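These protein sequence lines are chains A and B, in that order.
Okay, so the first sequence: first residue is 1 according to the UniProt record's numbering, each after it adds one.
Okay, so the second sequence: first residue is 1 according to the UniProt record's numbering, each after it adds one.
Everything labelled a hint here was simulated from the structure, so no lab data went into it.
It should be emphasised that the depicted structure is a prediction, and the values quoted were computed from it without experimental measurement.
Some hints here could point you the wrong way.
Think about it this way: if two alpha-carbon atoms lie no more than 30 Å apart in a straight line, the pair counts; the simulated DSS-like pairs of lysine-lysine are [what the hints assert, rightly or not]:
(1) Lys260(B) / Lys227(A)
(2) Lys168(A) / Lys253(B)
(3) Lys119(B) / Lys168(A)
(4) Lys119(B) / Lys358(A)
(5) Lys296(B) / Lys168(A)
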Amino acid sequence: MLTMPVPDEDTIRRRSAIAAALRRIVPGEGVIEAPVEMRAFETDGLTAYRQMPLVVVLPETTAQVAAVLEYAHENGIKVVPRGAGTSLSGGALPLADGILLGMAKFNRVLEVDYANRCAVVQPGVTNLAITKAVEHKGFYYAPDPSSQIACTIGGNVAENSGGVHCLKYGLTANNVLGLEMVLVTGEVIRLGGKHLDSEGYDLLGVMTGSEGLLGVVTEVTVRILQKPETARAVLVGFPTSEDAGQCVADVISAGIIPGGMEMMDRPAIHAAEDFVHADYPLDVEALLIVELDGPQVEVDHLIERVSEIARANNSTTLRISTSEEERLLFWAGRKAAFPAVGRISPDYICMDGTIPRKRLPEVLQGMAELSRLHRLRVANVFHAGDGNLHPLILFDANDPDELDRAEKFGADILRLCVKVGGVLTGEHGVGIEKRDLMPEMFSEGDLAQQMRVKCAFDDKGLLNPGKVFPTLHRCAELGRMHVKGGTLPFADIPRF
Amino acid sequence: MGAVLKPATPAELAEMIAAAEAPLEIIGTGTRRHIGHPVQAAATLDMSGFSGIIAYEPEELILDVQAGTPLAEIETMLAARGQQLAFEPPDFSALLGAAHSGSIGGLVASNLSGPRRIKAGAVRDHILGVHGVTGAGNAFKAGARVVKNVTGYDMPKLVTGSWGTLAALTSVILKVLPAPETEETVVLRGLDDAQAVEAMSLAMQSPCEVSAAAYVPDEAVYLRLEGIAPSVAYRRDQLGRVLKRPIEVMAAKSSATTWKAIRDGAMFAGNPRHPLWRISVAPSDAPGIISALRDKLDIRYLFDWAGGLVWLEVPPSHDATEALVRGSFRAGHGTLVRAPEATRAAVNVFQPQEAALAALSARVKDAFDPRHILNPGRMYRGL
């Protein structure tokens, strides 16, 4: 189990006074301190970890968020921001000595501006609700994390969420134009807007994916896109993962960027087929779903080219969707892969590494060896176009030894991803889950530089501590490590 | 300008920056050197020694390249494999009187993108990783050679567009994408500013996947379509129906020439003494800028990014008519991309920021460069 920072007993003793102070800022039912009511906030999508917060506050206005943060900053109290609590990496896990700042009441679409192709929304609006607000005009919001029905756009900004379509349409960072946010001091700033790019440093870029450690977002301006005219999918089975991987590389080398390109391995195919009966082939090692979207004439043309490429890579089954129903059926199994795996195992953890695609066969091979070593099953779904793996590790949380082995297995998978030139997380965030693995990817100097950026936003380290960084150094200490007057020659010498 | 430091390795670069006791002006090839406030530096830090391709993997969509590598060399290499930098890097050599289109590091440092910005994103949307040395002399890396990564803060985006004020980059990793098989441009004539922006907005709201939309006053609205030939033809016809106006169609070759001229600001290249602004606004605000200024100033202008980017050339003056120009729009930002040195020393080249944001930017600067060694003052005074 991962450990969290030791709670400050003095803060916990001041709980009633803190709650009373928050009530003066957010009147009525916006402050929750009864344990039974706070229970709803004790965990997020990483359910193996639970922690009751000190107190929950649910502000409704930017001014209230600013006042809460100013109060917390003045009094040295930690704050954990939270959207819908769907983080898979523990990003919204509360702290026993921290205020949980829930943004659920910021749930309005403020403006849709079709002429400028953007929407201004509050951070508690769900990802899918943005699309719902604009789809009658043929528009949608492109990033589509699988939790899109529940997850909020504020959480998407915090995690830089992706989804099935991000190879072609980008992650959250590529689809957000502007933010209003509150700094830990209570200062309100605006980054970007309906215009493109930044006049100064790209603070919008660094806020996106900062996992609640830099500020609290109170308004988001997103880009909306016209829905593609049509979409068709091709479902291809391969005798080996090498063939499937080569097919993906060949599609991209042919200059084709599909709207979606997903791969599943044998265990995932079988689990999904047993669950939704999508008529997936069961005698293959890898299944690929390639979706082309755009004008009909383009989709028809490209789907033929993709099919030719698949055949040239030894595909054993190949079906092209001929109707919208069939396209959705192809996707049904992939989209149900997580619950399907949930049916064959009491619990599972979903990992999230990204690798250079060409290393896929050896990573799958390595994972099979790790599966034997840790005596746990693993099923793989894979955003094949961008190399983002989602290994699902099957275990039983009621058995503490299995949970421990599952976590070690997961950590070993991520080490393997880094070893082949990949990264710890493609779209789920570091949170607490991958926090202690950060040194696998970054040197102390790299991490120190990231923490200096943290200090520029949050001098006292009050926003979401215990997440992302294995050890959060005090800002003064990081400042001292800076070179002073040219006396320290080299940077790559470890200094702490 | 005094000494020139030319490091050959990242370790040497770190040593030079750490040892520096006075400001350094970072130079790749110097193409964009005259954008920004003049830097009062004791020495020049010449980064052209960091040149060459580290890795180019077309099927992984990855380019890892040393920061001083000439952009032209990179574009030639990508084109040979049918790929490109999708943000359509502009070549400001004619505009700024430079010898060539510059280095990839300079492009990243300036975050300057061309017409395809509205569809494909900016440099900042394609940067995947950086290696560099901070102003404190600390070597660091961020990002990786994969196209999808959220591990740690997005430091690559933070240094993109920081004009060398945070770190000296030694290498950058960029996402590369397939180049379109062909292109066409739909041309609309006889529109005024407001009608032009309206037509571009209609086109952008359609499913026609317009990859660039620009308006050259007294000339035409240009709408570019890219992709495979049957798709381009189909969308051209569809666009004609959406616009409900007579259209002309420009074939691939003249389309490419037209967009290169728009990308590079070619129509402004002949007046080196005339201050030139690039103003980023919500597209629908563009006509208002022109109507606010045209009675007061003898201006020349162009709308790119469907109106979201206003190129504005104003008559020579000591202050580039900054107050008038900045007063012509409410939200957005304007950058003075060309002006004589004395003017650039006197005015705000970049959009002034609100106090809290300026203070945060200053703290970010200090997080990288606490002694203000790297390009101090180039973007903002005190940064």
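Here's how the hints hold up against the structure:
1. Lys260(B) / Lys227(A): OK: Lys260(B) and Lys227(A) at ~29 Å, within 30 Å.
2. Lys168(A) / Lys253(B): 27 Å, holds
3. Lys119(B) / Lys168(A): This hinted pair holds, its Cα atoms lying about 11 Å apart.
4. Lys119(B) / Lys358(A): With Cα atoms ~28 Å apart, Lys119(B) and Lys358(A) stay inside 30 Å; holds.
5. Lys296(B) / Lys168(A): Status violated; Cα separation ~45 Å.
Comparing the model with each earlier hint shows a violation of hint 5 alone; every other hint is respected.
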